[in-house]
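Undergrad: Sequence:
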Amino acid sequence: MKALKHLNKYFYKYRYRLITGIVITIIAKIFALFTPRLVGASINIVSDRLDGKISEAIFRSDLTINILYLIGAAVVAGIFTFLMRQTIINVSRYVEFDLKNEIYNHYQVLSLNFYKSNRTGDLMNRISEDVGKVRMYVGPAIMYTINTITLFAVALIYMIDRSPSLTLYTLLPLPFLSVAIYKLSRLINKRSTIVQQSLSTLSTYTQETFSGISVIKSYGIEPRTNVEFEKLSAENRQKQINLTKVQALFFPMMILLIGISNLIVIYIGGMQYMNGEIEKIGTIAEFIIYVNMLTWPVATVGWVTSLVQQAEASQERINEFLNTEPDIKNTVNKLTPIKGDIEFKNVSFVYPDTNIEALKNVSFTLKSGQTLAILGKTGSGKSTILDLIGRLYDIDKGSILIDNTLISNLNLFSLRESIGYVPQDAFLFSDSIKNNIKFGKEDATDEDVIEAAKNALVHKNIIGFNKGYDTVLGERGITLSGGQKQRVSIARAIIKKPNILLFDDCLSAVDTETEEKILKNLIKLTKDKTTIIVSHRVSSAKNADKIIVLEDGKIIETGNHESLINSNGYYRELYTKQLSEKEM
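Just so we're aligned: 130 in UniProt numbering is position 130 of the sequence shown, and the numbers increase by one with no gaps anywhere.
FYI, nobody ran anything at the bench for these hints, they're computed from the structure. Fair warning: there could be bad hints in the mix.
[Said to hold, decoys possible] With a straight-line Cα cutoff of 30 Å, these simulated DSSO-like cross-link-like pairs (lysine-lysine) come out: (1) Lys280 to Lys53; (2) Lys517 to Lys497; (3) Lys345 to Lys542.
[To be verified] What follows is a list of derived Cβ distance ranges for each label pair: (4) Leu263 to Arg237: 22 to 32 Å; (5) Gly276 to Lys9: 57 to 67 Å; (6) Thr336 to Tyr12: 50 to 60 Å; (7) Arg237 to Glu417: 28 to 38 Å; (8) Val332 to Lys2: 47 to 57 Å; (9) Thr244 to Ser165: 33 to 43 Å; (10) Ile216 to Ser128: 19 to 29 Å; (11) Asn101 to Lys367: 38 to 48 Å.
Predicted model, so just to flag it, every value in this text is computed and none were measured. For glycine and all other residues, C-beta sits at the position ideal for the given N, C-alpha and C.
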């Protein structure tokens, strides 16, 4: 139960609703337990009439009153039972809502390294399936537990009042029930954990398959993926069956034990009535009703125990992520305005998940409003510099200063709010094109969206669609071509009008003519903004104030276009090669 202690704060938050629900539950059960006494009394009235102890008029009068009381008690019990479910089950939905938000918000603050080491399907399973299991504990499990405790407490008082010895015989099977519950609950907890892990694996595989469906179809490997999916499904099915086999033992066991209790009541009660230990025959009927009323609560003990064990296993999986501390922490609460001066001082960085040394003693200075171009071969560390400026990772050695302040001493949200970032792999959401562009600035007007799209040279493409800017994209923007996705991503960055713009090889999917036009627009838009352009093309870098060339994480060349053309290095070699390709 240690894992479920995490929910105590929610129980405290909704304590008044829960207390109200408990009070309503007690009232509902008290009225429900009027039924056995009234039925027993009615049978005694009939018995007295048959024995001639009361007249016909008294018989009719007393029986009518009892029946009316019986109906009234049932109606009141039904109303309070309805209110009980409305109160306690609603609390479980509130807790489910809060817990999902807590998990989602925590996912948001976790660092990139966390997402590299955990699969999307598993993340989704914990926020959906696992939270669903926890909700069953907060709602039905608690409700039926209160039900059972209340029913037992009140019923035992009534039963002992009628016949202490018969009550004792009736409850004899309960110790065996407790032992069975203890042993089975431990097994359920173990198998529930296995089932949830299996569901995560299945969800992950399914998510990856659907995300990469174009690759699967291109290589014609649908049969292979089907076989793998069937294999995972079969494994999951078997684990679910193993869990169900254990859970299935509960109800037959409960019914058996309750049946034994009924037989005991009939046999022992009958013997006591014949021996004169029980005065009224109605007492036996009353006890049979008590036993049958306790049948469902006793049966639910097993079900509730199963729910608690499953919830504990799920909450343990949830806590595993909730207890994960983000690598990148915001240590400054006060918002810090960002102008755009950037300085790297002997920066070295090793990726924690791969131990690859991406940068080695990199140093450069960029004043606000200047443009820096970064060139180099694949894997030379170009994109890493942009990730470090956005503080997606913290460096190992050296220092990064923004406006002469250590980047770790800046408010993280202020820093990222001041950055417009266009990644190498343009990511678009399954939403309208307009909303994808407005993602950079939620309060942007339609005119702002169109202006940004025009500057990114994608406006003509958009208005060519049937629904124009209201066109809803497929997952990851699959509706658009690679070049269109990049340009929409550029529009999303520039509409924000940030002080720092980071372009990570974001024109690789467009032709050189379109690239030239976009770059001209960007020159106008970035006059007073600090801009860093990562590219494989000299054409994207030639107008920059500063250019650095990276190789194996080190700066091997630095200067501007003219100075680097005049030197005999990688930049000149790349320029000559690309110039000859263009002429061809």
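Undergrad: Next step is simple, just say for each hint if it's right about the structure.
TA: Hints and how they fare:
1. With a C-alpha separation of about 13 Å, the suggested pair Lys280 and Lys53 falls inside the 30 Å cut-off, and the hint holds.
2. Taking the CA atoms of Lys517 and Lys497, the gap is about 19 Å. The hint holds against a cut of 30 Å.
3. Taken as a hint, the Lys345 and Lys542 pair is honoured in the structure, with Cα atoms around 25 Å apart against an allowance of 30 Å.
4. A hinted range of 22 to 32 Å for the beta carbons of Leu263 and Arg237 is inconsistent with their spacing of about 39 Å.
5. Taking 57 to 67 Å as the suggested C-beta distance range, the pair Gly276 and Lys9 conforms, at roughly 59 Å.
6. Taking the beta carbon of each, Thr336 and Tyr12 are about 36 Å apart, not inside 50 to 60 Å as hinted.
7. Take Arg237 and Glu417: their Cβ atoms lie about 48 Å apart, and the range 28 to 38 Å is violated.
8. Take Val332 and Lys2: their Cβ atoms lie about 35 Å apart, and the range 47 to 57 Å is violated.
9. The beta-carbon spacing between Thr244 and Ser165, approximately 40 Å, falls within the hinted interval of 33 to 43 Å.
10. Taken as a hint, the range 19 to 29 Å holds for the pair Ile216 and Ser128, whose Cβ atoms sit roughly 24 Å apart.
11. For the pair Asn101 and Lys367, the beta carbons lie near 42 Å from each other, so the given range of 38 to 48 Å is met.
Of the numbered hints given earlier, the model fails hints 4, 6, 7 and 8; all others are met.
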